[in-house]
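A.B. asks: For the record, the sequence lines run as chains A and B. In terms of the working numbering, the first sequence opens at residue 1 and continues consecutively. In terms of the working numbering, the second sequence opens at residue 1 and continues consecutively.
To be clear, the hints were calculated from the coordinates, so they are not data collected in a lab. It cannot be assumed that every hint is accurate.
With a straight-line cut-off of 25 Å between C-alpha atoms, the simulated SDA-like cross-links for lysine to any residue are [said to hold, decoys possible]:
id, chain 1, residue 1, chain 2, residue 2
1, A, K94, B, R58
2, B, K17, A, P88
3, B, K17, A, R53
4, B, K17, A, T43
5, B, K104, B, Q127
6, B, K17, A, K94
7, B, K136, B, E66
8, B, K101, B, N51
9, B, K136, B, D126
10, B, K73, B, E90
11, B, K101, B, A134
12, B, K17, A, P18
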Amino acid sequence: MLYIRRIVGDSMLPGYYPGSLIVMRAFRRLHIGDVVMLRHNGTEKIKRISGLRPNEVFVLGDNPGSSSDSRDYGWLPRSAVIAKILFPRHPKPK
Amino acid sequence: MRTFSNILGNAAAKFVKPVYAHCDLPCGVYDPAQARIEAQSVLEIMKKYPNLDHEEDRWRAIFIKEQRADLVKQHLWVLWTDYFKPEHAEKFPELHELVWKTTKQAGACKKTVDPAEGQKLLDMIDQIAGIFAATKQA
């Protein structure tokens, strides 16, 4: 299944700009570094996986100064992840 | 690539669901007392100003008064944009104009050392505080 979404906000800069389109797909496996769409507090959010446990993920924004992420809400159930990025793919900023 | 997806994004903004990449963690702590304390400083500086003998002190007083008046604006804007909700404005229809006029009064206090203007600012903040308190009780 494919998902097309428009990014709102700047927590994934410098790779993912507000207003840009992304294509995401359903996934089988998750890896650290994957950019994912997840559902949290009733909202779909885009973040990057920073930690993995058997049934949980820890996600961070690429732009930590402007991101609410697992630093605030902690580990999330893996079931919160809806899809992972297909296009475009930007590496984690150094 | 970014340009391409941005162009597409702009074109399709109305049709494509958003995915959020923003900071959504307001602390939730709001209080008009912050604005009031700064406004009190403005008023007290206005009262002291005529009795300052040295030019350096007068210059500092003006500088600090302008800083504090600016902070009044800042605190009121945070209340206005982050705390007050549409239902508050519906219940208190004077809210928008009151906040607007109060921030303008804070601007006016930058241009004068007349304590009457400082007191007017305090009184207006107290009106906003009254609405704020009423929303807390609701």
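A.B. asks: Take the hints in turn and mark each one as holding or not.
C.D. replies: Taking the hints in turn, this is what the structure says about them:
no., hint, in the structure
1, A/K94 with B/R58, "violated, 50 Å"
2, B/K17 with A/P88, "holds, 17 Å"
3, B/K17 with A/R53, "violated, 30 Å"
4, B/K17 with A/T43, "holds, 11 Å"
5, B/K104 with B/Q127, "holds, 15 Å"
6, B/K17 with A/K94, "violated, 29 Å"
7, B/K136 with B/E66, "violated, 31 Å"
8, B/K101 with B/N51, "violated, 30 Å"
9, B/K136 with B/D126, "holds, 15 Å"
10, B/K73 with B/E90, "holds, 23 Å"
11, B/K101 with B/A134, "holds, 20 Å"
12, B/K17 with A/P18, "holds, 13 Å"
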